[in-house]
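> Chain B with the ligand: place on chain A using the hints.
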Amino acid sequence: MTHFSALSLFKNALSGHKNWQEQWPEREPKAEYDVVIVGAGGHGLGCAHYLAKEHGITNVAVIDKGWLGGGNTGRNTTIIRSNYLYDESAGLYDHAVDLWENLSQDLNYNVMYSKRGVLMLAHNVHDIQSFQRHIHANRLNGVDNTWLTPEQAKEFCPPLSIDPGARYPVVGAALQRRAGTARHDAVAWGYARSASQRGVDIIQNCAVTAIRRGPDGAVEGVETAKGFIKAKKVAVSAAGNTTVVLDSAGVRMPLESFPLQALVSEPVKPIFPCVVMSNTVHAYISQSDKGELVIGSGTDQYTSYSQRGGLPLIEHTVAAICEIFPIFRRMRMMRKWGGIVDVTPDRSPIVGKLPVPGLYVNCGWGTGGFKATPGAAHVLAWTVAKDEPHPINAPFTLERFTTGRLIDEAAAAAVAH
Amino acid sequence: MSAFRIAGKGRVNHSKPVRFTFDGKTVQALDGDTVASALLANGIHLVGRSFKYHRPRGILTAGSEEPNALVGTTRGPGRFEPNTRATMQEVFDGLKTESQNRWPSLTMDIGSVNDRMHKLFSAGFYYKTFMWPRSFWDKVYEPFIRAAAGLGKSPTEEDPDHYASRFHHCDVLIVGGGAAGLAAALTAGRSGASVVLVDEQSELGGSLLSEPSIEIDGKDAWSWLDATVAELSGMANVRIMTRTTAIGYYHQNMVGLCQKLTDHMATPPADAPRERLWRVRAKQVVLAQGASEKPLVFDGNDRPGVMMAGAAQTYLNRFGVTVGRYAAVVTSHDSAWYAAFDLLTAGVKVNAIVDTRAQVDPTLVDSARALGIDVFLSSTVTGTSGRKRVTSMTVAPVTDGKVSGGSHVVACDTVLMCGGWTPNLHLFSHTKGSLIWDDENKVYLPHEKTEECQVAGAGRAVWGIADTLKDGADAGAAAVKSLGKSGAAVTFTVSKDRTGSGETHRELPTDGDPGSARAFIDFQNDVQAKDIRLAVREGMKSIEHVKRYTTNGMATDQGKLSNINGLMIASDALGRDVKQVGLTTFRPPYTPTTFGALAGYHKDGHFEITRKTTIDSWAEEKGAVFEPVALFRRARYFPQGSEDMHAAVNRECKATRTSLGMFDASTLGKIEVVGPDAVEFMNRMYTNPWTKLQPGRCRYGLLLGEDGYIRDDGVIGRLTEDRFHVTTTTGGAPRVLNMMEDYLQTEWPDLKVWLTSTTEQWAVVALNGPNARKLLEPLVEGLDISDEAFPHMSVADCTVGGLPARLFRVSFTGELGFEVNVPARYGLQLWEMLWEAGQQYDICPYGTETMHVLRAEKGYIIIGQDTDGTVTPDDAGISWAIGKAKPDFVGKRSLARPDLVASGRKQLIGLLTVDPKTVLEEGAQIVDDPKQPIPMKMLGHVTSSYWSEALGRSIAMAVVEDGRARDGKSVYIPMPNGVIEATVQASTVFYDPEGARLKL
Ligand SMILES: Cc1cc2nc3c(=O)[nH]c(=O)nc-3n(C[C@H](O)[C@H](O)[C@H](O)COP(=O)(O)OP(=O)(O)OC[C@H]3O[C@@H](n4cnc5c(N)ncnc54)[C@H](O)[C@@H]3O)c2cc1C
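Chains as they are written, first to last, in this note's numbering: chain A, 1 to 417; chain B, 1 to 1000.
Because the hints were derived from the structure by calculation, they are not lab data. Please note that the accuracy of each hint is not assured.
Below, computed lysine-lysine pairings styled on DSSO-like, alpha-carbon distance capped at 27 Å [claimed, not checked]:
(1) 11/A with 119/B
(2) 139/B with 154/A
(3) 65/A with 449/B
(4) 999/B with 692/B
Some chain A residues close to chain B (C-beta under 7 Å, calculated; not the full set) [to be verified]:
(5) 4
(6) 142
(7) 186
(8) 331
(9) 333
(10) 408
The structure displayed is predicted, hence computed values, not measured ones. Ideal Cβ placement from N, Cα and C applies to all residues, glycine included.
Chain A with its partners taken away, still in its complex shape (with noise of 0.2 Å):
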């Protein structure tokens, strides 16, 4: 395969781009392999690079029912930050970001990892405790995460508003320079490529319908609309389709999954800097490479798998923007979409073993996994390669919700008194 360069695109250019190569051989089905991942999303793809790259197990399929990152990795606003509260999640997170810094490289790919920074707005007392609270435990962790006065923050985004007498007046602002945003698709396609450059096969347009479990419990491969593959591994990275694909295994999924809507606006030139979210407000805001406003919803209210959100909630992300923004609010939504998101109950992932011998799962990432893409899909590697978690995703298990030793990332926001 044709290494990725200015110098290759240069002589490629010159021979009219006709002798590229195929970035992922299109593959029917083996018979068996070693490892079957089900959902070829960046988790998946990026779970079969590492396989592949740190591990040496090559005899790899990832299945995906669709085009390979066709769901929430490319549909995703793509913001990166590691600055969570607790010691697991920093530790998890920061390993991606981490591995986002030289991801471009690794993959010989360019993911365009943007280091923009991203600026999370304090609107009341309760915020600013709460993100005091992440500030102290970040830097006590390692993890840059700074405070800024409201007019420090609009000297790192002008677009911002900072009046005072605003219905959410901004009150302050926690930064993390490192944090940033990442081409979605970019990612799907380099670990696809990269992975597949190594043997593993990419199989798309093929369902998997059922996980077969033989006589003593442990899995013997899947079910798929080209007939039974047979695994004696299998890891499942399906985010909003989780719940599915493993009921199909006999394993219930504490996972409820949401529809999740993001927007883009007209392209134009360069006016935001950085990105910008607000919890508060439920408002997520960056501008993409192309000049467009790239904008984040919070999740629609009802449990749904339909691709398909609601216009109210929009109508409420987009005055939410125009409040933060108000200079935005002749500019105009141009396509806006839906993903369907796996809500665990502490609002942090499951990532690990399952109480099936042979099977893996990484899911539960809701509203916010395409920042791990890389941290999870290495430490899933390892645990599917050595059938024991990695330290960094050990506390991550589905049995957390039995002993209670849950990661509530949620909690840190409760609502105020």
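Just chain B with the ligand now, with coordinates in the frame of chain A:
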């Protein structure tokens, strides 16, 4: 008159001239013009630059699908918007427009060097490079890419306009006011159904506006249109909305509409909203959105002067504008021939008609030849020339899909192209209705539907006005029928109809190197045929991958012109049938929609309501400083003179502890739980036992989630055997009520219990301090409030100062306390009465901040501050609130989970800094060993921290690992500027630990 305007022709008002500017130059226009038609009337074709290559671009279409002619529009301060379609923006006196994506000027654009390097900038080039050295991405490459991105400029000022929104219900919503939509509206309207008919254009008529020569019911098209619009307008049951776009089609037949109200006016009425967003819930929807003309894909198909044949026809017939002096036509469809004839009749010279087909309706060919037009069948266009305006096109014969002979050049200043027509199925696709490929028409058609809708007319490949009218009327009749109403489809007689057929192609054959051809598919995003082929070559085999890799269909026109061409080429490159390749998903909105319209009224103070208590105005008058708490604003403190918060709070605390404070507690959530099973319900919801609580008595109630963690708390009074007055936290009220309803309706439907939110029914004034009873006693009637008769934690009805009241004796401050509840309408009256009467005790109004300090001195927790959703009753030191003997309550089972009873949990404790003057920061983290390296092992964090005036030192509460076992031990709080030492106090109570003051 403008050079390209035909006197008296079209639907523009020739006696009403309008002036606007384009790039600073004045343009003469007529009322009824769009910016595009006015520019064309003045011979201006070059209006913009493309996204990537900065190629000069002209006006391609006459509708909302326009990809090229986007301009910035200004109508005075704060009223600028980028990327406005020149083809949709109506002109008015004073409008200013500017071209985009060029510097320094439209004719001299530095960015056009990109076009020279177009071979490097192939699809996806950025994924392959810019990776070395790594640090260059942030500092050099990305800023460079970003600077090149975007089309227009963002507004930079606040928008002075406002926007409106409405809900509406109707029987039949008809989207599209062309022939099909009008026929459907007539049929549905005459049946008496309530009808909404919308069209994005400034007037109804659709393609009839461009085809005046057709005759319907014996009238020319425009007379028929006038009569039809008059009839519909006269029907009380029909609402017509023009300049209104159906932006999205949602679940259960809800359609979002965006209505533009003022953007076409020189002087909008003072208070008129600019746009209005409608949410229409229709029993039936008729989608009559017509079809869009498809470009042909050939080298140089993007030069200014190359435009859609149908658009040229629209400019001619609707606006009275000829798009050039001498035109050439390239087409694969009959419709462009009619366009050529119309132009020729209007005096434009038509030098050639090039048709890709070998067989064309002989009457067309004969008519063309008779008019002196050179006709080339079975031919292709291999190129065009002209930089800022097309000057010629090159034609070559084709056999078996290949160029089969010498080419020759046709001089022209305009190329009219037509590659057939694509049904507009965006809204239908929003519903997840399925599409099916029609091999005969080479189009996608609506197939299985998921909502109550009909597609009519060109939207399902019904061509020609006669058939379209019939189809629309049938759709209207079907809609009416499914409503259970009767109404026959209206019938029409049509003459001089123009129907036609055509072929659909991938890129046209060329004799040159296809790799060098600049044959555009997505004009705005500069996607060329070869980009699609490159994507496929690189393994992008799903059409969604092709789209994302090349950005085809992702521009502001959302693929209206480019999707099918992209699909045809991809399917060819893949060697797969079009059917198997499929279309990408259509995403709302149909056309870009103003943020302001989506936000509607939700702006400034109306963004979200601010809940205010009835006492709020008094606090405002007294200069209170407020803080938001959930949706409420609450007085935080009442500064006097130049006091800062610290000074005010110290004074308020002292006044309350020594004499009397008053506090507006109206925001606390209140739920009345009533019914024969009320006590059983309370036993199951709350951790505490309720059975033995006597009517007239109160108890602190603790509510857990199913996971065993604290969710809410509040004092609960038992009014009678079957009636509880539950209070919740201010923010928790809706959640608690939801949770209660959830359990009642889904888990325990057998319980006879009714829940009513009474938060807003009561105003509550809390009186706290040693003089509280002295103030209240003379005012109370019907109740003995002495300590013996009405001890701490009592509730009773009485009157206070003549007002009907529900009086609680409770305290959140540790002082003798009463909470007077009166019907909300008396709230302010009560407050003022107590304020007056309290003067003798120097009564002091205090706010939430003082309340926080006073309760912290007593170690009372605040949910959400001292707890965060991971705290059990035992962690918080309040396991006494659990009814141990109760068989069950929400969360009970979880409390026994291994991790919830394990040692090492974080427990809420008191914390005293070694230096009493140091007030800890809330949120600060606590460690055992401050000298350890990062990452440090953290024990917990400070949840509440204040200066206590009563104690003359700082106090804090914190959750700390094994906190209670650390009683008397030191812990450390490492801050950026030094480490603070503090001593753990197992109890969180700092003040009056015996509670003597409560019992006064
Ligand atoms: C609108 C939106 C905005 C978001 N914004 C952010 C953000 O800003 N930052 C952030 O960090 N995260 C964000 N997220 C979350 C993030 O996108 C996800 O957590 C993450 O991408 C999940 O990746 P994944 O690989 O696990 O899942 P996916 O990319 O969804 O991949 C799962 C794959 O499994 C496949 N699959 C499912 N069932 C089957 C089956 N039976 N057989 C075969 N294949 C199957 C699906 O087709 C899919 O391709 C957002 C999500 C959405 C929807």
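> For each hint, tell me whether it holds in the structure or not.
To see whether the hints hold, each was checked on the structure:
1. 11/A with 119/B: Measuring from Cα to Cα gives roughly 10 Å; hence the hint holds.
2. 139/B with 154/A: holds (22 Å)
3. 65/A with 449/B: holds (23 Å)
4. 999/B with 692/B: With Cα atoms ~22 Å apart, residue 999/B and residue 692/B stay inside 27 Å; holds.
5. 4: holds (4 Å)
6. 142: holds (4 Å)
7. 186: For residue 186/A, the interface hint holds, since the closest Cβ of chain B sits about 5 Å away, which is under 7 Å.
8. 331: holds (5 Å)
9. 333: holds (5 Å)
10. 408: Holds: closest Cβ of chain B sits about 5 Å from residue 408/A, inside 7 Å.
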